[in-house]
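S.K.: The primary structure of each chain is shown beneath.
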Amino acid sequence: MIPRTAPTGPAEALAAALTAEYAAIWAYGPIGVRLTDAARTAARAAEAAHRARRDALILQLSSGGGQVPADRAGYALPYPVNDRASALKLAIEIEERTAGFWRAALPHTTGADRNRALAALTDCALRATRWRRTARVTPLTVPFPGRPT
Amino acid sequence: MVAGGATVALTGCDLFDDDDEPPAPDPLEPLAAESAALAAQHRAALAADPSLADRLTPIADAHQAHADELRRVIGRPAPSGTPAGAPPASGAAEPDGLLAELQAAEQTGRENAAKACAAAPAERAALLGSIAAARATHLEALK
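Top line first, the protein sequences correspond to chains A and B. 152 is the number that my numbering gives to position 135 of the first sequence; each next residue is one higher, with no gaps. 1319 is the number that my numbering gives to position 71 of the second sequence; each next residue is one higher, with no gaps.
No lab work stands behind these hints: they were computed from the structure. Keep in mind the model is a prediction, meaning the values are calculated, not measured. Think of the CB as a built atom: it goes at the ideal place given N, C-alpha and C, for glycine as much as any other residue. Keep in mind that a hint or two might mislead.
[Claimed, not checked] Here are some, though not all, of the chain B residues that point toward chain A, as calculated from beta-carbon distances under 10 Å:
(1) 1299
(2) 1303
(3) 1305
(4) 1362
(5) 1372
(6) 1373
(7) 1374
(8) 1377
(9) 1385
(10) 1387
(11) 1389
[As the list claims (entries may be wrong)] Just some of the chain B residues that point at chain A, by a computed CB distance under 7 Å:
(12) 1306
(13) 1370
(14) 1382
(15) 1384
(16) 1388
Next comes chain A alone, as it looks inside the complex (with noise of 0.2 Å):
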């Protein structure tokens, strides 16, 4: 669920949280689908802002010069995403799992770049919480976000 291997570098940590924010927006397609009324706003919400963290990191990366990877056509779902609890697990998970790509650039990133990183952790974290809570799962939050288990 969390980045493979540890990211060497500032560009490389910003590449690796873009990928991880490529894979959340695509999950929101089949997640939102199974979803209806409050929860399925809710999943456009969460699609909405990982949209918007994907346009400013592909903007970061590229005035810095550096690789800007692609998205890839298409992902495979861990599971079938076939209902209302799967849909919801699944956005559990996307979120849990972008928050360790964002964990992982702290280390390699200062200054505002840094606080960036922390804002999307901590909206990551959030969003699995509030996912949690409509999934009636417990407890709704976890002691380290993004820490990998």
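Given chain A's structure and the hints, the job is docking chain B onto it.
M.R.: Relative to chain A, chain B alone:
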């Protein structure tokens, strides 16, 4: 000592140590103390209102885990004279009052942890980021 000032400066502690004796406290000491205090505050609140146990126990445990991990990273035992107790749950027997106090403490704690993360060397940044994010989720879970 008075007469041999110049010699003392060369052979005394100054050559290898900074002036301050004992060593300066670790910059994470306030955060470690805050984690311990937050754990105690949540435990006091759930003692005052056991109906909150399901919500508050995991949060109290998380703060204790943060305190333990910060202590490990600091690498020194807590300074003596650190008050172990929590700010007392101020007689607010109403659950809403208790929760409001906890929310205020989590909000302050979240800001303190974010500042510590911003100022930290690389090897401490991830831990402090997780603690800041955790405190934000506590605030959410207390809503």
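S.K.: So, for every hint listed, does it hold in this structure?
M.R.: For each hint, the structure was consulted:
Among the interface hints, the one on residue 1299 of chain B is violated; its C-beta lies about 15 Å from the nearest C-beta in chain A, farther than the 10 Å criterion. With 10 Å as the threshold, the beta carbon of residue 1303 of chain B comes within range of chain A, its nearest partner Cβ sitting at about 8 Å, so the hint holds. A hinted interface residue such as residue 1305 of chain B counts as satisfied when its beta carbon comes closer than 10 Å to some beta carbon of chain A; here the least separation is about 8 Å, so the hint holds. For residue 1362 of chain B, the interface hint holds, the least distance from its beta-carbon to any beta-carbon of chain A being 6 Å, beneath 10 Å.
Among the interface hints, the one on residue 1372 of chain B holds; its C-beta lies about 8 Å from the nearest C-beta in chain A, closer than the 10 Å criterion. With a least beta-carbon distance of about 4 Å to chain A, the hint placing residue 1373 of chain B at the interface is held under the 10 Å criterion. For the restraint placing residue 1374 of chain B at the interface with chain A, the shortest Cβ-Cβ distance is roughly 5 Å, inside the 10 Å limit, so the hint holds. Contact between residue 1377 of chain B and chain A, as hinted, is supported at the beta carbon level, the nearest pair being about 5 Å apart and thus within 10 Å.
For residue 1385 of chain B, the interface hint holds, since its Cβ comes within 10 Å of a Cβ in chain A; the closest pair sits about 4 Å apart. Satisfaction of the interface hint for residue 1387 of chain B is found here, the shortest Cβ-Cβ separation to chain A being roughly 9 Å, below the 10 Å cut-off. Interface restraint check: residue 1389 of chain B against chain A, minimum CB-CB distance 4 Å, threshold 10 Å, status holds. About 4 Å separates the beta-carbon of residue 1306 of chain B from the nearest beta-carbon of chain A, less than 7 Å, and the hint is met.
A hinted interface residue such as residue 1370 of chain B counts as satisfied when its beta carbon comes closer than 7 Å to some beta carbon of chain A; here the least separation is about 4 Å, so the hint holds. The interface hint given for residue 1382 of chain B holds, since its Cβ lies 6 Å from the closest Cβ of chain A, which is under the 7 Å cut-off. With a cut of 7 Å, the hint placing residue 1384 of chain B at the interface with chain A holds, because the nearest CB-to-CB distance is about 5 Å. The criterion of a C-beta within 7 Å of any C-beta in chain A is met by residue 1388 of chain B, whose closest approach is roughly 5 Å, and the hint holds.
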